[in-house]
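Novice: With the hints as extra help, turn the sequences into a complete structure.
There are 2 protein chains.
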Amino acid sequence: MNIGILGTGTVGRAIAGRLGESGQAVMVGTRNVAETMARTASDAMGNPPFSTWQKRHPKVKLGTFAKAAGHGELLFNCTAGAVSLEVLKLAGEANLNGKVLVDISNPLDFSTGMPPTLSVCNTDSLGEQIQRAFPAVKVVKTLNTLNARLMVNPAMLADGAHTIFVSGNEAAAKAKVVELLKSFGWEDIIDLGDISTARGVEMVLPLWLRLFGAMPNPIFNFKIVR
Amino acid sequence: MNIGILGTGTVGRAIAGRLGESGQAVMVGTRNVAETMARTASDAMGNPPFSTWQKRHPKVKLGTFAKAAGHGELLFNCTAGAVSLEVLKLAGEANLNGKVLVDISNPLDFSTGMPPTLSVCNTDSLGEQIQRAFPAVKVVKTLNTLNARLMVNPAMLADGAHTIFVSGNEAAAKAKVVELLKSFGWEDIIDLGDISTARGVEMVLPLWLRLFGAMPNPIFNFKIVR
Numbered sequence: 144m145n146i147g148i149l150g151t152g153t154v155g156r157a158i159a160g161r162l163g164e165s166g167q168a169v170m171v172g173t174r175n176v177a178e179t180m181a182r183t184a185s186d187a188m189g190n191p192p193f194s195t196w197q198k199r200h201p202k203v204k205l206g207t208f209a210k211a212a213g214h215g216e217l218l219f220n221c222t223a224g225a226v227s228l229e230v231l232k233l234a235g236e237a238n239l240n241g242k243v244l245v246d247i248s249n250p251l252d253f254s255t256g257m258p259p260t261l262s263v264c265n266t267d268s269l270g271e272q273i274q275r276a277f278p279a280v281k282v283v284k285t286l287n288t289l290n291a292r293l294m295v296n297p298a299m300l301a302d303g304a305h306t307i308f309v310s311g312n313e314a315a316a317k318a319k320v321v322e323l324l325k326s327f328g329w330e331d332i333i334d335l336g337d338i339s340t341a342r343g344v345e346m347v348l349p350l351w352l353r354l355f356g357a358m359p360n361p362i363f364n365f366k367i368v369r
Numbered sequence: 144m145n146i147g148i149l150g151t152g153t154v155g156r157a158i159a160g161r162l163g164e165s166g167q168a169v170m171v172g173t174r175n176v177a178e179t180m181a182r183t184a185s186d187a188m189g190n191p192p193f194s195t196w197q198k199r200h201p202k203v204k205l206g207t208f209a210k211a212a213g214h215g216e217l218l219f220n221c222t223a224g225a226v227s228l229e230v231l232k233l234a235g236e237a238n239l240n241g242k243v244l245v246d247i248s249n250p251l252d253f254s255t256g257m258p259p260t261l262s263v264c265n266t267d268s269l270g271e272q273i274q275r276a277f278p279a280v281k282v283v284k285t286l287n288t289l290n291a292r293l294m295v296n297p298a299m300l301a302d303g304a305h306t307i308f309v310s311g312n313e314a315a316a317k318a319k320v321v322e323l324l325k326s327f328g329w330e331d332i333i334d335l336g337d338i339s340t341a342r343g344v345e346m347v348l349p350l351w352l353r354l355f356g357a358m359p360n361p362i363f364n365f366k367i368v369r
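Chains as they are written, first to last, in our numbering: chain A, 144 to 369; chain B, 144 to 369.
Accuracy of the hints is not assured; some may be wrong.
[Unchecked claim] Residues from chain B shown here face chain A by an in silico Cβ test under 10 Å; the list is partial:
no.: 1; residue: N265
no.: 2; residue: M346
no.: 3; residue: L350
no.: 4; residue: L352
no.: 5; residue: M358
[Claimed, not checked] Here are some chain B residues pointing at chain A (derived, C-beta under 7 Å):
no.: 6; residue: A301
no.: 7; residue: H305
no.: 8; residue: T340
no.: 9; residue: G343
no.: 10; residue: P349
no.: 11; residue: F365
no.: 12; residue: R369
Hints in this document: simulated from the structure, not taken from any laboratory. Every residue gets a Cβ at the ideal spot worked out from N, C-alpha and C, and that includes glycine.
Specialist: What follows is the structure, encoded as structure tokens:
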């Protein structure tokens, strides 16, 4: 399947690498291809420049946001929450409409220091904002509640015995995403309901961030014991 | 030990019942003792009137908020978040100061329908508001992330293999509360840090509420798999 991934950061690379390895035709989208390829320094998170990463994943293509969105039958929003709406505008409605968009973003606001707060929460969510801004896109919120390595390889922790959530308005779109999550190894997948339930999974980030402070490493996740 | 419990609802009863059964001298606090004892109807949650409950727990005393707070060496805030600050004022600083207050409340706002939103979150929390309003009280936030029956009997679910969190400014106060949690059967207790980490556990309620909608019953909890 043709996959379009918006964002070249940790999350975009994790999803692109995993889907590329499983034989999908993946294009990652960025603001400016030449600029992204010209970077030689590691980013603030210590990730090597994209060109270095791409050498290890030669089948994964890089294009503009619009090219990647146009390429994909299935799309992923792996951009920072602060720029997600702007990036989706750059990708272009015509390239997005009618498609399933897996939204992994979090509305983190770093402007007042660490840990970040949320730029939207409680009575709204970024997932809902995206769905409202692009009503013909099938937004499915998932995978935003854990470390990128775990997203695509849940079995690396406790043989995968932990939980992932999905939120979205359309059952068929969620079913497609659940299928994909299963291909990553996810077994415990909870459908929370419509896209307004994205408030729940986005508002879990403040707890995740404090756990990140209390844990020896970021390889942890929520399991809903019931 | 003398225990004071503010609130006669589901949570107050669960804590009072458990501690009363374990031989502690428990007094539950309410706004108006005569009114509380005169009630003959079940409450909105279907709980029987307090007088009926008390017949099964004859050693648990009922007093005003001030009496219960004065009685307790260790205190519990089991009131609805919307009235917690007011109730603590009624309890009186002189009866609270210097004591550990286990804060189980959640700042739920039901004014815009179901599921409730939070009346404070993101850049503040009810736990912090209480700590600021009563600086000489040792506020420890815990147990607000799950059903009342599970609070005092974690072993009823998966032999207790799930997680509880504590937040508070003073290590000695948290150690005392951890001791108490262990006496309830809690084994996986994560210290998140100071009282500002109450934001994390209070903001998990929107997810809890959606899970409550998706699950067959409220006997579920978060486990931090790591």
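Novice: Does the CB of F365 (chain B) sit less than 7 Å away from some CB of chain A?
Specialist: This interface hint holds because 5 Å falls under the 7 Å limit.
Novice: Against chain A, with CB atoms and a cut of 7 Å, does the hint on R369 (chain B) hold up?
Specialist: Hint on R369 (chain B): holds, closest Cβ of chain A at ~4 Å, below 7 Å.
Novice: Classify the hint on A301 (chain B) as holds or violated, based on whether any CB of chain A lies nearer than 7 Å to its CB.
Specialist: Check passed: Cβ of A301 (chain B) comes within 5 Å of chain A, closer than 7 Å.
Novice: Take the shortest C-beta to C-beta distance between M346 (chain B) and chain A; is it under 10 Å?
Specialist: Interface hint status for M346 (chain B): holds (4 Å vs cutoff 10 Å).
Novice: Double-check G343 (chain B) for me: the hint is only fine if its C-beta lies closer than 7 Å to a C-beta in chain A.
Specialist: With Cβ-Cβ at 4 Å, under 7 Å, it holds.
Novice: Is the shortest C-beta separation between H305 (chain B) and chain A less than 7 Å?
Specialist: Holds, because the Cβ-Cβ distance from H305 (chain B) to chain A comes to roughly 4 Å (cut-off 7 Å).
Novice: Does L352 (chain B) hold up as a contact with chain A if the rule is Cβ-Cβ below 10 Å?
Specialist: 7 Å, holds
Novice: If you take the shortest Cβ to Cβ gap from M358 (chain B) to chain A, is it below 10 Å?
Specialist: Result: holds, 6 Å to nearest chain A Cβ.
Novice: With chain A as the partner, please determine if N265 (chain B) meets the hint condition of a C-beta pair closer than 10 Å.
Specialist: Holds, because the Cβ-Cβ distance from N265 (chain B) to chain A comes to roughly 5 Å (cut-off 10 Å).
Novice: Can you verify the interface hint for P349 (chain B): is its Cβ closer than 7 Å to any Cβ in chain A?
Specialist: Hint on P349 (chain B): holds, closest Cβ of chain A at ~5 Å, below 7 Å.
Novice: Checking hints one by one. Is L350 (chain B) an interface residue toward chain A, by the C-beta closer than 10 Å rule?
Specialist: 4 Å, holds
Novice: Against chain A, is T340 (chain B) within 7 Å by beta-carbon distance?
Specialist: Holds, because the Cβ-Cβ distance from T340 (chain B) to chain A comes to roughly 5 Å (cut-off 7 Å).
The structure agrees with every numbered hint stated previously.
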